[in-house]
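Asker: Next come the chains, spelled out residue by residue.
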Amino acid sequence: MSVFVRRSDPHILAAVAALLIWAGAAMADAPKRVVSINLCTDQLAMMLAAPGQLVSVSYLARDRRSSAMADLAEGYPVNRGLAEDVFLLKPDLVLTGDHTTPATVAMLERLGVRVERFSLATDFDQIADRLRQMGRALGREAMGAAAAARFEADVAGLQSDAGQRMARRAALYYANGYTSGDDTLAGHILAAAGLANIASELGMPAGGSLALETLVMAGPDALITAERFEGHSRSEDILNHGVLRRVAESAARSTTNANWVCGTPHVLSAIEGLRE
Amino acid sequence: MTPRALFTSLSVLLVGLFCASLLIGPAGLGIGESLTALIAGEDDPLALVMQEIRLPRAILGALIGVSLGLAGAAMQGYLRNPLAEPGLIGVSGSAALGAVLALQTGVAASFALALPLSGLAGAVIGVLLILMLAGPRGSSMTLILAGIAISALAGALTALVLNLSPNPFATSEIVFWMMGSLADRSMSHVWLAGPIMLVGWGMISLTARTLDALTLGEDATSALGLSLTATRLWLVLGVAASVGAATSVAGAIGFVGLVVPHLMRPLVGARPARLLWASALGGASMVLAADIAVRLVLPDRDLKLGVLMALVGAPLFLHLIYKTRREFA
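As you go down the protein sequences, you meet chains A and B in turn.
Those letters in the first sequence? Residues 1 to 276, per the numbering used here, in order.
Those letters in the second sequence? Residues 277 to 605, per the numbering used here, in order.
Note that these hints are calculated values from the structure, not bench results.
No experiment lies behind these values; they were computed from the predicted model shown.
Incorrect hints may appear among the rest.
To be verified - Below are the SDA-like pairs computed for lysine to any residue, each with C-alpha atoms no more than 25 Å apart in a straight line:
no., chain 1, residue 1, chain 2, residue 2
1, A, LYS90, A, THR100
2, B, LYS580, A, ASP237
3, B, LYS580, A, SER209
4, B, LYS580, A, LEU239
5, B, LYS599, B, LEU584
What the hints assert, rightly or not - Here are the simulated distance ranges between beta carbons:
no., chain 1, residue 1, chain 2, residue 2, range
6, A, ALA106, B, ALA388, 49 to 55 Å
7, B, SER503, A, ARG65, 54 to 60 Å
8, B, ALA388, A, GLN159, 46 to 52 Å
Even for Gly, the Cβ is constructed at its ideal location relative to N, Cα and C.
Same shape as in the complex, but just chain B:
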């Protein structure tokens, strides 16, 4: 498939899923009246539902999907390891810890962007720990072991903070922070997380050329005059900003960054730079599709997005493990 055809079909898919996300919900509204209310409605209940409930959910789904797909593709390109994924290696988990700490200590209420920035700070620590423990070009084994350790630690600390909260509901929300959900998010969450995610995308896109060159090896990359140090910096900050902001409003949604680049790789001819935008569009479609499925399968239960993603992602993960096992055999 040519890049142009791929871009067009992914965009069409994304727009279709975005519209579907706007049209599906428990209130069961007609298509025509919903769209009219979305664009022209003022102050009647229908317009409120479309503009204040469904629109932010669809926008957040798309933004978070782009962030996770992009972060997964960039990390896999940089580490040259198909198992690198923000959820799996503990970056989402440490972002969730940062966000939970900010919320429970009250820092989140101190200034406007405190919440997503705390998520970002958590994610930076997660990424740096991974790079330190697994190293660039670390084997799949060290990467996964480091990831398990960081995920477990971040998860335990998140649970601890929520357990200690004076709020009686907080403990039951451990599931939300570990599984993620877009239910009942509002426009304020879009404004909170959106700008930081956009900045993160920008930083990740700066790494595209180096990621392409890295397929030839580190020496060749340096010979081309591309700085690995600068790339690492943009990558760490970019991944942390997009994953951190996404996680701080929707919890840790796993497997998107693993599944999407894996699905896109054969379509882009294994070019890391091209994989970036393909995974961004694919990630957005995947999260929107999963969020629509969550509403269709168990409409009253707030089925967690992460549960569905894990059901799709885990078999693929097993497949990848099976393939990489041969490296060690």
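Excised from the complex, chain A in its bound form:
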């Protein structure tokens, strides 16, 4: 950080001194052994942590279907997010999502481990906020702020030409006939790619169950389904239903991937993917 100060201004001088003291304290405070037990904090931490600072990520971070940084995660030991196996890593900071099992978090806090929670990011502003929060938590505030600023600039660049194409209507359709509305991360990815979401036409801003026949009657121009997991499930059977294949004959079909899962700068790749 470079700051030019005129000698004659005591206020600014005091401010700079305070900042330096604070920064020094932050450096001393910066956690040395950080463990992440949530897929999304895994990725934010891998982006921002200093070498050697992050000692473990969750096992999901290596799963190509949900993690956009699976290759990088191969370089970290993985944990299963159980209080016992996390505690044995002797962390001074544990990163969790807001849906992490409350019992695990309570147990770690009782054992005196600092736990930092990251809420789910559902829009682009929140993604930038999470980057800054992660920077602060890791004692690398400048890096977090820089990543957030870069992401905000990229989003602004993408959105400037998104408006014109909103005429095309897309349907998001997942296992169990679930759909995401405009107020979700997937909804914002659609909008940024210039697609209108049929869930909002049907009055479901947060998403919910969309009956197969309601979907067919809505007649979307694009059908975006989820990638299938290994093994069989009846929940995903619906994605193989003959009627979806028939709908896809007259609509563009694409699938979501790991870039859609977490609120990280990887959503930019999801948007790029949709535009093509």
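Given chain A's structure and the hints, the job is docking chain B onto it.
Answerer: Same frame as chain A, now just chain B:
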């Protein structure tokens, strides 16, 4: 009621419920346009909804109802025990286990009929265990105890297999396999399970004469020149084929085989052979009615068919237990 009048009224009821099943759904379509789209429509959304979503659901409902009603009536006739029911005595549960194993190991994808045949194999094991444990003419008590044991074991193994699946959705589907649902089934499921169910019906109908004779006792049956061994074979295979195929596409729907023969028995004058076709038609109507109710009561929630059937069936089951208690008193 004469058999002819009974047959006519049951058929009219079935056709009515089948049409109602086609006309009720979340999309809220008009009656005239729906039926036109069903018969003449091509490629427009309305025709897709009618032909690919509602028609298979209604057909499967009817086929599964026939299978379960028929299997219940045949087992009750053969065991001469009003409590014999595929769901209750673990045949549906073991069929579900067979189907789940086939799906999770990938066997189901290996050849066309692998899934219903695995359900059939599971059901054969279930029926054979019941016949072995409870024996022909076993008391209600042994039959129910054997049934509880087999249901519990099959249920636990099904849950285990689903828990071990790498698929994150599989665990939440334990409910489906134990309760059954017709939601979002497609024509491919009809083609998969339909033929095997039909074969099963054929085998069960071969047992009709012997079942009638059995009301006079086993000696009288043999004296009439009817083979009990052959009957047992057709019964086991027939019940397993119809219940196994039905369960492998729609999960274990309980109580149909208990409730329907019980309702039909007074109408057919306690003739087991006549009870077979009456229960088949009645079973189809009952499953269709339950599936319509599921869509009307909680349209967005995929309320399980088995939940509704249990709500109707359990009180009747208690009534039967109460009646049979007197046998032991």
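Asker: With reference to the structure, classify each hint as holding or not holding.
Answerer: Hints, verified against the model:
Using a Cα cut-off of 25 Å, the hinted pair LYS90(A) and THR100(A) holds, with the two alpha carbons roughly 19 Å apart. Taking the CA atoms of LYS580(B) and ASP237(A), the gap is about 17 Å. The hint holds against a cut of 25 Å. Between the alpha carbons of LYS580(B) and SER209(A) the distance comes to roughly 15 Å, so the proposed pair stays at or under 25 Å and holds. At most 25 Å may separate the alpha-carbon atoms for a hinted pair to count; LYS580(B) and LEU239(A) meet this at roughly 20 Å.
This hinted pair checks out: LYS599(B) and LEU584(B) have alpha carbons roughly 24 Å apart, not beyond 25 Å. The hinted range of 49 to 55 Å is satisfied by ALA106(A) and ALA388(B), whose Cβ atoms lie roughly 52 Å apart. Range check, SER503(B) to ARG65(A): Cβ separation about 57 Å, and the 54 to 60 Å hint holds. Restraint check, ALA388(B) to GLN159(A): a C-beta distance of roughly 49 Å satisfies the suggested window 46 to 52 Å.
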